[in-house]
Amino acid sequence: MSAIIVIEKLGKRFDQFQALSGIDLTVQEGERVVIVGPSGSGKSTFIRCINRLERHDEGRIVVGGIELTDDMASLSEVRREIGMVFQQFNLFPHLTILQNCMLAPVHVRKLPRAEAEDRARQLLARVQIAEQADKFPAQLSGGQQQRAAIARALCMAPKVMLFDEPTSALDPGLTKEVLDTMMALAETNMTMLIVTHEMAFARKIAHRMVYMEKGAIVEVAPPEQFFTAPADPRTRMFLGDLLTG
Amino acid sequence: MERLRNILFPNRLNGAITIAILALVLSAAPGVLRFLVLDAVFTGGVEACRAADGACWPFIGAKLGQFIYGYYPDDERWRVDLVFLLGVAGLAGLMIPRVPKKRLIAIIMASAYPILALWLLAAVPTKLWGGLLVTLIVSAAGTAGAFPLGILLALGRRSALPVIRYVSIAFIELWRGVPLVTVLFMASVMLPLFLPEGVTFDLLLRCIIGVTLFAGANMAEIIRGGLQAIPRGQYEAASALGLGYWQSMGLVILPQALRLVIPGLVGSIIALFKDTTLVLIVGLADFLGVIQRNLNDPAWSAPGTAATAYVFAALIFWLFCFGLSRYAKSLEREERR
Chain A
1 MSAIIVIEKL
11 GKRFDQFQAL
21 SGIDLTVQEG
31 ERVVIVGPSG
41 SGKSTFIRCI
51 NRLERHDEGR
61 IVVGGIELTD
71 DMASLSEVRR
81 EIGMVFQQFN
91 LFPHLTILQN
101 CMLAPVHVRK
111 LPRAEAEDRA
121 RQLLARVQIA
131 EQADKFPAQL
141 SGGQQQRAAI
151 ARALCMAPKV
161 MLFDEPTSAL
171 DPGLTKEVLD
181 TMMALAETNM
191 TMLIVTHEMA
201 FARKIAHRMV
211 YMEKGAIVEV
221 APPEQFFTAP
231 ADPRTRMFLG
241 DLLTG
Chain B
1001 MERLRNILFP
1011 NRLNGAITIA
1021 ILALVLSAAP
1031 GVLRFLVLDA
1041 VFTGGVEACR
1051 AADGACWPFI
1061 GAKLGQFIYG
1071 YYPDDERWRV
1081 DLVFLLGVAG
1091 LAGLMIPRVP
1101 KKRLIAIIMA
1111 SAYPILALWL
1121 LAAVPTKLWG
1131 GLLVTLIVSA
1141 AGTAGAFPLG
1151 ILLALGRRSA
1161 LPVIRYVSIA
1171 FIELWRGVPL
1181 VTVLFMASVM
1191 LPLFLPEGVT
1201 FDLLLRCIIG
1211 VTLFAGANMA
1221 EIIRGGLQAI
1231 PRGQYEAASA
1241 LGLGYWQSMG
1251 LVILPQALRL
1261 VIPGLVGSII
1271 ALFKDTTLVL
1281 IVGLADFLGV
1291 IQRNLNDPAW
1301 SAPGTAATAY
1311 VFAALIFWLF
1321 CFGLSRYAKS
1331 LEREERR
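For the protein sequence lines, the chains are A and B, in the order given. Reminder that position 21 of the first sequence reads as 21 in the numbering used here, one-by-one numbering, no gaps. Converting from the second sequence to the numbering used here requires adding 1000 to each position, the first position being numbered 1.
In case anyone wonders, no lab produced these hints; they're calculated from the structure. Please note: incorrect hints may appear among the correct ones.
As the list claims (entries may be wrong) - To give an idea of the chain B side of the interface with chain A (calculated C-beta under 8 Å), a few residues:
# : residue
1 : Ile1007
2 : Asn1011
3 : Asn1014
4 : Glu1236
5 : Leu1241
6 : Gly1244
7 : Val1252
8 : Gln1256
As the list claims (entries may be wrong) - Derived DSS-like pairs (lysine-lysine); straight-line CA-CA distance at most 30 Å:
#  : chain 1 : residue 1 : chain 2 : residue 2
9  : A       : Lys135    : B       : Lys1127
10 : B       : Lys1329   : B       : Lys1127
11 : A       : Lys135    : B       : Lys1329
12 : B       : Lys1329   : B       : Lys1101
13 : A       : Lys110    : B       : Lys1101
14 : A       : Lys110    : B       : Lys1102
As the list claims (entries may be wrong) - Not the full set, but computed from the structure, chain B residues with beta-carbon under 7 Å of chain A:
#  : residue
15 : Gly1015
16 : Thr1018
17 : Ala1229
18 : Ala1237
19 : Gly1250
Here a beta-carbon is modelled for each residue, glycine too, at the ideal position from N, C-alpha and C.
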């Protein structure tokens, strides 16, 4: 195994507000890291720094050997290797599901259309919405839209997948199908960084749990230890009733 | 009948308003009808017109050629006809949903057609161009130039690079803050002063450039409104997929933003079409300009001539604008489907 993401002393400010400070984290290839913490703890900002949707102010981020800087060429090289799934799905409403999935492979990876379409249909089948391929996003349920968004990201054949609260905008009844899709993806040994509030799911999927508070990492531990005997009192406080140990 | 009464007279106040408006319309109708039809002269010559109180329709018939072509020589008018015909065919191909190969037609209309049109028309010096020909050329070229300019300015105004942003803002605010008449005077009087001795620059072309810059600034503001309505998540999703700036804009953001502002864009195209009549002030013989010049023709001086000509001009302008606005409506309906 080798490190695919290396983050050192990461810091980020919004004007005067210190959103992130002193974050160190190394993620191995094939590893699944779940980040939890109260809202406003900076976990979304952190994950968005990894593909530079947020620009960091201090420290460094290296993804697949390329450091994230203002250089646009290396940035787009990094971004095509990182898939991202958003809380609000962010499918392109003027394109069909199939077109959503083909857009980046055709225009960024320069894949021939036929090949891009084959791959898109395969991945849509894998997230079990093959029959929705020619519909527009607005015609799908929230759960289906999020699965389509996962397929869209996978179509770029990324090395890393980032999930920013992928089920937070969904009705409780629709959460399961998205989580199941992510579990299935985990079985392919995809490197995954997941921000979520679904603790039972986190415990099942994670290799490592990260607890964040006030823009800093408080504790990193394997899930068994994290959910039974967290080392830091702040983690214990956050988990509260969830603690099983 | 019951429904009609409910619509027109739902209560006392609305009923009174209905009656008042009806009375107003009916009071104007007889005069209009008398002038345009009953007392009007339809056949014959100027003598008949001089004897009558109403509209002088033979005047329109006799001058129609000039109204359409200006002073374009008779023998060369086939060039104008051909350009009109190709233009109408191309536009019909773009506007009728059932016609296939839209992209190819659009590319031809944007590249080959203007060159061909210019090549055909330029056999006659632009001084002789006039009438509907000039009105359509100024508004079509103005629209075709203003649309891409507007997109670039709107994007520039939202650019992360301060230099581009401030230049765009300055450009937009400058042209939006100046009346079109002023722009046209600048184009016709001031611009030649800045050009080196001996360099002449066609008046028609100068006016087209003026109209383009003016309309471009207006369209930029309309398009910017559309860009602002697109949620941040769309920009982020496009970036996260590795799309570059121009790809994000061209494939994701603009297709959505432009659809949102179709009504505004059509409104500004209609305004531009009507505003082209201002070129008559700097001496171009556009549709309205030619009509006005012909009013001075002593051979056709009759009491009804001027009013007839203006009614005719209004009718033609209205037909074009109404057609555009109906087309925009149908586009919107299609988008909502």
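When the structure is checked against the list of hints, which entries are broken? Sort them ascending. 1, 2, 3, 9, 10, 15, 16, 17, 19
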